[in-house]
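Asker: As a plain string of letters, each chain reads:
Protein chains: 2
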Amino acid sequence: MHYPEPISKLIDSFMKLPGIGPKTAVRLAFFVLEMKEDDVFEFGKALVNAKRDLTYCSNCHHITDRDPCMICEDTSRDKTMICVVHDSKDVIAMEKMKEYRGLYHVLHGAISPVEGIGPEDIKVAELIKRLQDDTVQELIMATDPNIEGEATAMYISRLVKPTGIKITRIAHGLPVGGDLEYADEVTLSRALEGRREI
Amino acid sequence: MHYPEPISKLIDSFMKLPGIGPKTAVRLAFFVLEMKEDDVFEFGKALVNAKRDLTYCSNCHHITDRDPCMICEDTSRDKTMICVVHDSKDVIAMEKMKEYRGLYHVLHGAISPVEGIGPEDIKVAELIKRLQDDTVQELIMATDPNIEGEATAMYISRLVKPTGIKITRIAHGLPVGGDLEYADEVTLSRALEGRREI
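Sequences listed follow chains A and B, in order.
All residue numbers for the first sequence refer to numbering that gives the first Met the number 0, where the first residue is 0 and numbers rise by one.
All residue numbers for the second sequence refer to numbering that gives the first Met the number 0, where the first residue is 0 and numbers rise by one.
Note that these hints are calculated values from the structure, not bench results.
Take the hints with a grain of salt, since some may be wrong.
[Stated by the list, open to error] Okay, the calculated beta carbon distance ranges per label pair:
1. B/F30 x A/S7: 17 to 27 Å
2. A/E119 x B/P144: 56 to 66 Å
3. B/P144 x A/G193: 35 to 45 Å
4. A/M69 x B/K22: 22 to 32 Å
5. A/G20 x B/D52: 23 to 33 Å
6. B/H171 x A/F30: 22 to 32 Å
7. A/M69 x B/F30: 14 to 24 Å
8. B/K22 x A/F30: 47 to 57 Å
9. A/E196 x B/S7: 34 to 44 Å
10. A/G20 x B/P144: 17 to 27 Å
11. A/E4 x B/Q131: 27 to 37 Å
12. B/I127 x A/G20: 33 to 43 Å
13. A/K128 x B/D52: 43 to 53 Å
14. B/A182 x A/M69: 18 to 28 Å
Cβ atoms here follow ideal geometry from the backbone N, Cα and C, with glycine treated the same way.
Take the sequences, apply the hints, and build the full model.
Answerer: What follows is the structure, encoded as structure tokens:
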């Protein structure tokens, strides 16, 4: 005998989550037993509801509980700008900033020849389609500042350039609050390259 | 707008777990959206079932899905020995060893004057009651080797001593595979104290 079945099942479920090994799973499962019954039921319902009710916006592919999503439906937003990001978490990060008022396009990944992910595996074709009605005037490439993100930004910009739409890339440089001393050379070189008159 | 409601509820639920902050909660919630639907439903069910179906054994207070628990009901086990531990996780640890064939008693805590936990807050009275029918001949104190654990072991042993039941304490010493160089002085002194002829 090890654990009674209900708890061993719960441990197995916790272990399917990323970064949670057997010991943490046991700790979390035992914690659940001590939680208020309402909270546990709420948790269970939240899991099932999140999986059942959430879908991706058919326009921008951001995660949403209605289609089209709140951002695409918001008439106060600037429809001439599309900010292209890797995933829905990036949209949330941008929205938290409360400065950007344009639309988004979530690619759901990045081009990565090493991992065998090509442009056809992410939402590039869907993006090109959105550009066809001439509303969009600027495409902001906000893909991650790593090899895959750069490759994706480059690929899309080459594809879109002939249409005459302005394509921009978010700036690379030192993070605010960061320390020049600890910045890597590539970031530092980008920060120097992107210097502005003050 | 931040997160769509179904996912923000899920994030809130994850954040109620110990050691899971806002960033991990977001990561886990988004991971759940990518999981197979069956796995998510299984997870939700496991949560609710664990909370609903698990109870504590009325005899030894170990966590169980039936009362009395499998260990107390197992007729092949040695009913003359009770191993006293802090919580159900300790029972599991002992059971994994597959060497101990006696019964258990789960105290659900340790005496800690600092935290205001007295003998009446843990299952001490229940233990004393179990000793009254003269079946038990040995009480093995397997409480944690820290101040609270020692205090609890000491308290119970003083209480039980007059009955003539043999009371033992699990050995303190160097953990197997450990390194003498890194052992703290107290452990080292206990290891020396408990040395045996070979």
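Asker: None of the hints should be skipped; say for each whether it holds.
Answerer: Outcome of the hint check:
1. Distance hint check for B/F30 and A/S7: the Cβ-Cβ separation is about 21 Å, which falls inside the suggested range of 17 to 27 Å.
2. Range check, A/E119 to B/P144: Cβ separation about 60 Å, and the 56 to 66 Å hint holds.
3. Under the hint 35 to 45 Å, the C-beta atoms of B/P144 and A/G193, about 58 Å apart, miss the expected range.
4. The beta-carbon spacing between A/M69 and B/K22, approximately 23 Å, falls within the hinted interval of 22 to 32 Å.
5. Between A/G20 and B/D52, the C-beta spacing of about 25 Å keeps the proposed range 23 to 33 Å intact.
6. At roughly 28 Å, the beta carbons of B/H171 and A/F30 sit within the given window of 22 to 32 Å.
7. For A/M69 paired with B/F30, a C-beta distance near 23 Å keeps the hint of 14 to 24 Å intact.
8. For the pair B/K22 and A/F30, the supplied restraint of 47 to 57 Å is violated, since their beta-carbon distance comes to about 19 Å.
9. Restraint check, A/E196 to B/S7: a C-beta distance of roughly 42 Å satisfies the suggested window 34 to 44 Å.
10. Distance hint check for A/G20 and B/P144: the Cβ-Cβ separation is about 24 Å, which falls inside the suggested range of 17 to 27 Å.
11. For the pair A/E4 and B/Q131, the beta carbons lie near 33 Å from each other, so the given range of 27 to 37 Å is met.
12. For the pair B/I127 and A/G20, the supplied restraint of 33 to 43 Å holds, since their beta-carbon distance comes to about 39 Å.
13. Here the CB-CB span from A/K128 to B/D52 is close to 51 Å, well matched to the stated 43 to 53 Å.
14. Between B/A182 and A/M69 the CB atoms are about 59 Å apart, so this pair departs from the stated range of 18 to 28 Å.
Of the numbered hints stated above, those contradicted by the structure are hints 3, 8 and 14, listed in ascending order.
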